[in-house]
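Visitor: Okay, here's what each chain looks like letter by letter:
2 protein chains.
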Amino acid sequence: ERILVINCGSSSLKYTLFDTERPENTAHGHVERIDAEGTKLVQTSARGRVESDVKERGHAGAFKSMLAALAHESHGVLKSSSDITAVGHRVVHGGEKFTNAVVIDDQVVAEIEALAPLAPLHNPVNVLGIREARRVFPKVPHVAVFDTAFHATLPSHAYLYGLPYSYYEEKGVRRYGFHGSSHSYVALAAAQHLRRRARELRVISCHLGNGASICAIDHGRSVDTSMGFTPGEGLIMGTRCGDLDAGVTSFLERTEGMASKLIDDLLNKKSGLLGLSGISGDMREVEKAADAGDARALTALKTFCYRVRKYIGSYVAAMGGLDVVIFTAGIGQGSAGVRASALQGLACMGIKIDEGKNRLATGGKEISIISADDSPVKVLVVPTDEERMIARETLRVKSRDVLVSASEAC
Amino acid sequence: ERILVINCGSSSLKYTLFDTERPENTAHGHVERIDAEGTKLVQTSARGRVESDVKERGHAGAFKSMLAALAHESHGVLKSSSDITAVGHRVVHGGEKFTNAVVIDDQVVAEIEALAPLAPLHNPVNVLGIREARRVFPKVPHVAVFDTAFHATLPSHAYLYGLPYSYYEEKGVRRYGFHGSSHSYVALAAAQHLRRRARELRVISCHLGNGASICAIDHGRSVDTSMGFTPGEGLIMGTRCGDLDAGVTSFLERTEGMASKLIDDLLNKKSGLLGLSGISGDMREVEKAADAGDARALTALKTFCYRVRKYIGSYVAAMGGLDVVIFTAGIGQGSAGVRASALQGLACMGIKIDEGKNRLATGGKEISIISADDSPVKVLVVPTDEERMIARETLRVKSRDVLVSASEAC
Ligand SMILES: Nc1ncnc2c1ncn2[C@@H]1O[C@H](COP(=O)(O)OP(=O)(O)O)[C@@H](O)[C@H]1O
Ligand SMILES: Nc1ncnc2c1ncn2[C@@H]1O[C@H](COP(=O)(O)OP(=O)(O)O)[C@@H](O)[C@H]1O
Numbered sequence: 127e128r129i130l131v132i133n134c135g136s137s138s139l140k141y142t143l144f145d146t147e148r149p150e151n152t153a154h155g156h157v158e159r160i161d162a163e164g165t166k167l168v169q170t171s172a173r174g175r176v177e178s179d180v181k182e183r184g185h186a187g188a189f190k191s192m193l194a195a196l197a198h199e200s201h202g203v204l205k206s207s208s209d210i211t212a213v214g215h216r217v218v219h220g221g222e223k224f225t226n227a228v229v230i231d232d233q234v235v236a237e238i239e240a241l242a243p244l245a246p247l248h249n250p251v252n253v254l255g256i257r258e259a260r261r262v263f264p265k266v267p268h269v270a271v272f273d274t275a276f277h278a279t280l281p282s283h284a285y286l287y288g289l290p291y292s293y294y295e296e297k298g299v300r301r302y303g304f305h306g307s308s309h310s311y312v313a314l315a316a317a318q319h320l321r322r323r324a325r326e327l328r329v330i331s332c333h334l335g336n337g338a339s340i341c342a343i344d345h346g347r348s349v350d351t352s353m354g355f356t357p358g359e360g361l362i363m364g365t366r367c368g369d370l371d372a373g374v375t376s377f378l379e380r381t382e383g384m385a386s387k388l389i390d391d392l393l394n395k396k397s398g399l400l401g402l403s404g405i406s407g408d409m410r411e412v413e414k415a416a417d418a419g420d421a422r423a424l425t426a427l428k429t430f431c432y433r434v435r436k437y438i439g440s441y442v443a444a445m446g447g448l449d450v451v452i453f454t455a456g457i458g459q460g461s462a463g464v465r466a467s468a469l470q471g472l473a474c475m476g477i478k479i480d481e482g483k484n485r486l487a488t489g490g491k492e493i494s495i496i497s498a499d500d501s502p503v504k505v506l507v508v509p510t511d512e513e514r515m516i517a518r519e520t521l522r523v524k525s526r527d528v529l530v531s532a533s534e535a536c
Numbered sequence: 127e128r129i130l131v132i133n134c135g136s137s138s139l140k141y142t143l144f145d146t147e148r149p150e151n152t153a154h155g156h157v158e159r160i161d162a163e164g165t166k167l168v169q170t171s172a173r174g175r176v177e178s179d180v181k182e183r184g185h186a187g188a189f190k191s192m193l194a195a196l197a198h199e200s201h202g203v204l205k206s207s208s209d210i211t212a213v214g215h216r217v218v219h220g221g222e223k224f225t226n227a228v229v230i231d232d233q234v235v236a237e238i239e240a241l242a243p244l245a246p247l248h249n250p251v252n253v254l255g256i257r258e259a260r261r262v263f264p265k266v267p268h269v270a271v272f273d274t275a276f277h278a279t280l281p282s283h284a285y286l287y288g289l290p291y292s293y294y295e296e297k298g299v300r301r302y303g304f305h306g307s308s309h310s311y312v313a314l315a316a317a318q319h320l321r322r323r324a325r326e327l328r329v330i331s332c333h334l335g336n337g338a339s340i341c342a343i344d345h346g347r348s349v350d351t352s353m354g355f356t357p358g359e360g361l362i363m364g365t366r367c368g369d370l371d372a373g374v375t376s377f378l379e380r381t382e383g384m385a386s387k388l389i390d391d392l393l394n395k396k397s398g399l400l401g402l403s404g405i406s407g408d409m410r411e412v413e414k415a416a417d418a419g420d421a422r423a424l425t426a427l428k429t430f431c432y433r434v435r436k437y438i439g440s441y442v443a444a445m446g447g448l449d450v451v452i453f454t455a456g457i458g459q460g461s462a463g464v465r466a467s468a469l470q471g472l473a474c475m476g477i478k479i480d481e482g483k484n485r486l487a488t489g490g491k492e493i494s495i496i497s498a499d500d501s502p503v504k505v506l507v508v509p510t511d512e513e514r515m516i517a518r519e520t521l522r523v524k525s526r527d528v529l530v531s532a533s534e535a536c
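Top to bottom, those sequences are chains A and B.
The first sequence runs contiguously to residue 536 in this note's numbering.
The second sequence runs contiguously to residue 536 in this note's numbering.
Any given hint could be a false lead.
One copy or two, it doesn't matter: identical chains are merged, so the pair holds either way.
Stated by the list, open to error - Calculated lysine-lysine pairs in the DSS-like style (CA-CA distance at most 25 angstroms, straight line):
1. Lys140 / Lys414
2. Lys140 / Lys428
3. Lys428 / Lys297
4. Lys491 / Lys265
5. Lys190 / Lys491
6. Lys265 / Lys190
7. Lys297 / Lys223
8. Lys265 / Lys205
9. Lys297 / Lys387
None of these hints come from the bench; they were simulated from the model.
Predicted model, so just to flag it, every value in this text is computed and none were measured.
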């Protein structure tokens, strides 16, 4: 099988090709700043690096360049784009409708589109990508894999806000959670690494990237997660504020006359590490400045880590115990300092880190265990691979679909 | 000393008289629905019950009735209102200015008034009460005791939101916390009951009333608390939603065209237990309905308790351990079911409840220990007494003030 995984953003196209028979043919590519001047495509694989100018504007142009790069004469990984056997699409919001990955047909497209009010920035552009891909690959199955689906198992006491119940029933206001592919991937990978079954472990997974979320996975099922109705709730992120007293927004409207669009912008693009530090939303920059003695950068760092620590505590309480903590994504994999500070004082919950191992686990492709040998809770650094998870889901759904069609044909 | 404690609301006046020489003279009184038809005053004390019609409108009328009741011929507790030696005022918001109770002078009044943007519903009416009381008792010291002051010890990583730092510096947007007098009172009372010093304990205090908040008290100092910039953040309350994705408000504005005032109203008056259950914001009603099999009431109850549980976990993480959990206020003192459900699964943090003791501890005036004898963490039910704490603070500040004046006069 050759599975193409597509992650379509408003001004970017990211893709990964997986070849189940030839793992060395895995290729990653991205086109950034679609619609701007001088758009470029970059693709990397064991066969070499492809760089090309994207001539045609819009997502159609990006798709064309992708096809050309994949089948590139010397550095390509396919003979022809018709070698692709399935396409997996990352879709941000599946609402309550999609609790699992699905084969895409016209109705599914319409339903994803109908969820736009819940994810105005993401679902419409995901649909754009699906439409374009179905045009380009009309003969293969397309599968939608939702960021929210892994969290479909949340119990109502975890997904309900304290709002009138009708806001949940009629308007769908509830905690959905995101980063599902990442949380489920690393939880599975950690269990395998520990030679345990995911189904017998209580896991807390900390996905700390530009977007950051944390998830309680109880015997294989997501039971709580820090992102909520939107991906803005929970942890402090690169530029998003995370948890906030809802009274702050009405204060800003009342006293500053700020319009709600401006407030949205403030909370999502000017807050988080960037807002607190005043330096950058990039953790490496913040750490550098903190090391150099910048007080606000240090405060930003501490506030970030403290919030992770509190969430870990609350999820231990939610599950009534804990077996594994996982760190993943850029910051989780890259920053030993953040990991140590987030876990500080948690020996009372059975979490003991081995600082030597922690320092060594930075940026590699391997899974590392960073807890002390006698730590009741195992702590792991696990490189995330959302694309691989999407590819797996795509294959799983595709073969199930084939089975169903076959059995219906009998 | 005879200390009058005043809690002045927009349509109510509550007061308590403490007589340090004659504890039997303690009297509680309240005037509700000031400005409505047929306003009544009710006062209770060991000397009997006083009920009277409040003839004059407004807070001035309520104060007059209070004076008459306190010096009531047969059921009064004072010979004359001039017997009062100090007045303590509950003030909701002290901002960053007031980290301690203070003797009130004109400047203090002006400063409390200047904090109105932070507490538009409370501070102006608190000032009204102060003005009236100073007019009526011009010769005695008046002391302002702030709900926020106990939380002045929060470290910056606990009080900062993930917003641009200028919003904190210039506009005072931060976590303040409330219910300070209650949290500090019960923490002190619990330590005394356990014959320990507050200064050597890590305490989590759960104030569960119509308003509800939870506080981490590390060696006597508040280090985190669930109410934030406003008293609307944190736990699910009678009619307030508590923690909420800030994205929900912009969703409601965008898709429902709801104005921010309407949203404020929704989140503060129609949410919480009332909104979730659809029955009542009163926990007794919700429990009754849940017992009778009402599914939504049961969901409301579970969601309420689950959130308390998560906060307990996060504060154990914040303090790196725990010695004492306290339940107080109407629900905390009255509902064994809520206490048991909030602590469910927390044996992993050393919290073991004795269900028999828990069932017995309901509504009494005494402190009860409800943890199992072998529980590493002690769990206590402690009747709160914010008025007594305000009286104590009033005395403390008054005598300090006398000392300072005396030493300045030397
Ligand atoms: N070695 C490192 N140390 C600290 N932070 C790192 C390191 N490498 C990457 N990061 C941080 O990770 C974040 C990006 O994470 P990533 O998972 O790539 O984000 P995204 O959510 O966009 O996928 C940035 O804040 C970056 O500074
Ligand atoms: N025995 C009880 N069982 C359960 N809930 C109770 C009990 N007694 C009082 N309550 C609840 O306590 C809440 C009021 O608490 P209280 O501390 O009086 O509120 P306030 O915050 O107004 O001071 C109400 O929800 C009420 O139903």
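Visitor: If a hint holds in the structure, say so; if it does not, say that too.
Guide: Here is what the structure says about each hint:
1. Lys140 / Lys414: So lysine 140 and lysine 414 fail the 25 angstroms test inside a copy (29 angstroms) and across (54 angstroms) alike.
2. Lys140 / Lys428: The answer is neither: 33 angstroms in one copy and 42 angstroms across copies each exceed 25 angstroms.
3. Lys428 / Lys297: between (37 angstroms within a copy, 22 angstroms between copies)
4. Lys491 / Lys265: Cα proximity of lysine 491 and lysine 265: none, with 35 angstroms in one copy and 75 angstroms across.
5. Lys190 / Lys491: neither (31 angstroms within a copy, 77 angstroms between copies)
6. Lys265 / Lys190: within (17 angstroms within a copy, 86 angstroms between copies)
7. Lys297 / Lys223: Cα proximity of lysine 297 and lysine 223: one copy only (13 angstroms, versus 42 angstroms across).
8. Lys265 / Lys205: For lysine 265 and lysine 205, only the intra-copy Cα distance (17 angstroms) is at most 25 angstroms; the inter-copy one is 96 angstroms.
9. Lys297 / Lys387: both (20 angstroms within a copy, 20 angstroms between copies)
Figure legend: structure checked against the earlier numbered hints; hints not met, in rising order: 1, 2, 4, 5.
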